[in-house]
Structure formats: structure tokens, C-alpha cells
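> These are the residues of each chain, in order.
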Amino acid sequence: NAGVTQTPKFQVLKTGQSMTLQCAQDMNHNSMYWYRQDPGMGLRLIYYSASEGTTDKGEVPNGYNVSRLNKREFSLRLESAAPSQTSVYFCASSVRGTNTEAFFGQGTRLTVV
Amino acid sequence: AQSVTQLGSHVSVSEGALVLLRCNYSSSVPPYLFWYVQYPNQGLQLLLKYTTGATLVKGINGFEAEFKKSETSFHLTKPSAHMSDAAEYFCAVSERGTYKYIFGTGTRLKVLA
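Protein chains in written order, with the numbering used here: chain A, 157 to 269; chain B, 2 to 114.
Check before you lean on any hint, since a few could be wrong.
[To be verified] Computed list of lysine-lysine pairs in DSS-like fashion (alpha-carbon distance at most 30 angstroms, straight line):
#1 A:Lys213 / B:Lys50
#2 A:Lys165 / B:Lys70
#3 A:Lys165 / B:Lys111
#4 A:Lys213 / A:Lys170
#5 B:Lys69 / B:Lys111
#6 B:Lys70 / B:Lys59
#7 A:Lys213 / B:Lys101
#8 B:Lys59 / B:Lys111
#9 B:Lys50 / B:Lys111
#10 B:Lys50 / B:Lys69
#11 A:Lys165 / B:Lys101
#12 A:Lys227 / B:Lys101
#13 B:Lys69 / B:Lys59
#14 A:Lys227 / B:Lys111
#15 B:Lys50 / B:Lys101
[Stated by the list, open to error] Which bits of chain B does chain A cover? Going by a derived footprint, with three or more residues having C-beta under 8 angstroms, they are:
#16 72-82
#17 97-106
[Claimed, not checked] Example chain A residues on the side facing chain B (calculated, C-beta under 7 angstroms, incomplete):
#18 Pro195
#19 Gly198
#20 Asn221
#21 Asn255
Treat the hints as calculated values from the structure; they're not laboratory data. No residue lacks a Cβ here, since even glycine has one placed at the ideal position from N, Cα and C.
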């Protein structure tokens with residue numbers, strides 16, 4: 157039972173490069189999320205998708221775009237990476253909304269040089 | 002707007018001592034509340050949650066938390082710390098009917114032999 161799978165696990169980018177972080181869940185969850193984790197700042201919500209076909213901005217959306225490709229997959233794209241986007245990125249999913257817990261992937265450690 | 006405050010970014014306890022990690026929230030209505038644990042280089046794992054019903058919630062690994070509406074608190078406790086409890090702990094809150102989990106900045110627990 158894989159749960160939430162993120163790829164890649166590690167990535168180094170040069171400033172200005174683009175990349176897409178992939179996330180897939182196999183739990184038939186409706187809602188999916190992207191967070192970034194930085195030291196001393198906890199987890200901050202970048203974008204979320206309440207259900208297939210919808211996406212909304214979170215707390216720190218600037219510099220990112222998302223696509224809810226289907227019910228299983230939710231990708232995060234950095235169009236022009238900046239050093240400030242160096243972080244650990246987590247994808248999460250929940251059954252529907254927040255009256256149940258979110259399940260997290262193992263994270264992607266991204267370094268922008 | 003919802004927010005979560007975790008007092009103490011670092012907490013040290015001796016093995017066998019009481020663990021108390023503090024979490025206060027601000028929300029206009031009683032929220033859903035969660036505690037997560039993160040071991041090094043891993044994703045977040047749910048410890049326990051409060052959604053409705055009994056205000057004293059028991060979780061995995063001997064942890065429990067009590068929802069106190071009058072104090073807007075949801076502190077995490079464990080009677081006797083074990084070395085394996087060393088990790089970072091996150092409190093999270095969400096408002097009913099929303100799709101956003103808001104996380105605190107985390108508390109890193111160190112257990113001393």
C-alpha cells in the first residue's frame with residue numbers, strides 16, 4: 157500500500173531552471189495539498205485541490221503553479237526557480253476536506269543554486 | 002484567520018520523564034485539531050486528532066492530548082518519554098468546512114539518557 161508517492165526525492169536546480177514535482181496517491185482521496193517546509197517556519201501551504209478539477213492558492217503560492225491531472229495526481233511546477241525556493245516540499249492528501257487527517261508523502265528536497 | 006502557536010521550538014526531557022508539548026490555536030469556531038510527528042528525513046505521521054466527541058484524545062505510541070475550548074489549547078502529553086520519541090512534532094488546525102490544514106512551526110523533542 158504505497159499511500160502518497162512523491163518524485164523525485166532530491167533535486168538540484170540552477171537559478172532560472174524549471175521543474176515539476178510529481179505526486180500521486182492511491183487511497184482514492186478527493187483533496188490534495190502541496191506544502192513547503194523551512195527551518196523554524198513549519199509547513200506552509202502552497203496550493204491545494206479540494207476535489208478533482210479545482211485548485212486554490214494557499215499561503216505562499218507565488219512562483220508556483222499546480223495541475224490536478226486526475227483524482228490521483230497533483231503536480232507542482234516551478235517555472236523559473238529561485239534560491240528562495242530551496243526547501244523540502246511535501247504532498248499530502250485527505251479523504252475530503254479537513255475533518256479527517258492528511259496523509260503525507262516522504263518529501264522532495266529541492267536545492268536551487 | 003486561523004493560526005497555531007507552538008510554544009518552545011526545542012524541548013528536552015530525560016528518559017522516563019513527562020513530555021508536554023504546547024499548542025494554542027486561534028479560530029472563530031471550534032476547529033479540528035491534529036498532532037503529527039516527523040522523524041528525520043521522513044514525512045509527517047499522524048499521532049492523534051480531535052474532530053468531535055471526547056475532548057481527551059489518545060493516539061499512537063502512548064501520546065494523548067486534551068482539547069480545551071476555554072483555553073484554546075490542544076497540548077500533547079506522554080507520561081514517560083522514550084528515546085524513540087525524539088522527533089519534531091507539529092500541531093495543526095483546520096476550520097470545519099474548509100480544505101486547509103494550518104500548521105504550527107514545530108517543536109523538536111530531545112530525549113536525554
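> Determine for every hint whether it applies to the structure shown.
Going down the list of hints, with the structure as the test:
1. Between A:Lys213 and B:Lys50 the CA atoms are separated by roughly 25 angstroms; this keeps the pair inside 30 angstroms, and the hint holds.
2. The straight-line distance between the Cα atoms of A:Lys165 and B:Lys70 is roughly 40 angstroms, outside the 30 angstroms bound, and the hint therefore fails.
3. For a cut-off of 30 angstroms, the pair hint linking A:Lys165 to B:Lys111 stands: about 26 angstroms separates their Cα positions.
4. Of the pairs offered as hints, the one joining A:Lys213 and A:Lys170 holds, with about 25 angstroms between alpha carbons and a cut-off of 30 angstroms not exceeded.
5. A C-alpha spacing of about 26 angstroms is found between B:Lys69 and B:Lys111, which places the hinted pair at or below 30 angstroms, so the restraint holds.
6. Using a Cα cut-off of 30 angstroms, the hinted pair B:Lys70 and B:Lys59 holds, with the two alpha carbons roughly 17 angstroms apart.
7. Distance check on the hinted pair: A:Lys213 and B:Lys101 sit about 10 angstroms apart at the alpha-carbon level, within 30 angstroms; holds.
8. Of the supplied pair hints, the one linking B:Lys59 and B:Lys111 holds, its CA atoms being roughly 22 angstroms apart against a limit of 30 angstroms.
9. For the given pair, B:Lys50 sits about 23 angstroms from B:Lys111 by alpha-carbon distance, which is consistent with the 30 angstroms threshold.
10. Among the hinted pairs, B:Lys50 with B:Lys69 is consistent with the structure: their alpha-carbon atoms are about 13 angstroms apart, no more than 30 angstroms.
11. A hinted pair counts as satisfied when its Cα atoms are at most 30 angstroms apart, and A:Lys165 with B:Lys101 qualifies at roughly 24 angstroms.
12. Between A:Lys227 and B:Lys101 the CA atoms are separated by roughly 18 angstroms; this keeps the pair inside 30 angstroms, and the hint holds.
13. Of the supplied pair hints, the one linking B:Lys69 and B:Lys59 holds, its CA atoms being roughly 15 angstroms apart against a limit of 30 angstroms.
14. Straight-line distance between C-alpha atoms of A:Lys227 and B:Lys111 comes to about 39 angstroms, which puts the hinted pair past the 30 angstroms bound.
15. Taking the CA atoms of B:Lys50 and B:Lys101, the gap is about 15 angstroms. The hint holds against a cut of 30 angstroms.
16. Under a criterion of three residues with beta carbons nearer than 8 angstroms to beta carbons of chain A, the stated coverage of the segment 72-82 of chain B fails, only 0 such residues being counted.
17. Counting residues of the segment 97-106 of chain B whose CB lies closer than 8 angstroms to any CB of chain A gives 10, which reaches the minimum of 3, so the coverage claim holds.
18. Annotation: A:Pro195 was flagged as interfacial toward chain B, and the flag is violated, the nearest CB pair being 9 angstroms apart, outside 7 angstroms.
19. Taken as an interface hint, A:Gly198 checks out: its beta carbon lies about 4 angstroms from the nearest beta carbon of chain B, inside 7 angstroms.
20. Here the hint on A:Asn221 is broken, as its CB sits about 18 angstroms from the closest CB of chain B, past 7 angstroms.
21. For A:Asn255, the shortest C-beta to C-beta distance to chain B is roughly 5 angstroms, which falls under 7 angstroms, so the interface hint holds.
Comparing the model with each numbered hint stated earlier shows that hints 2, 14, 16, 18 and 20 do not hold.
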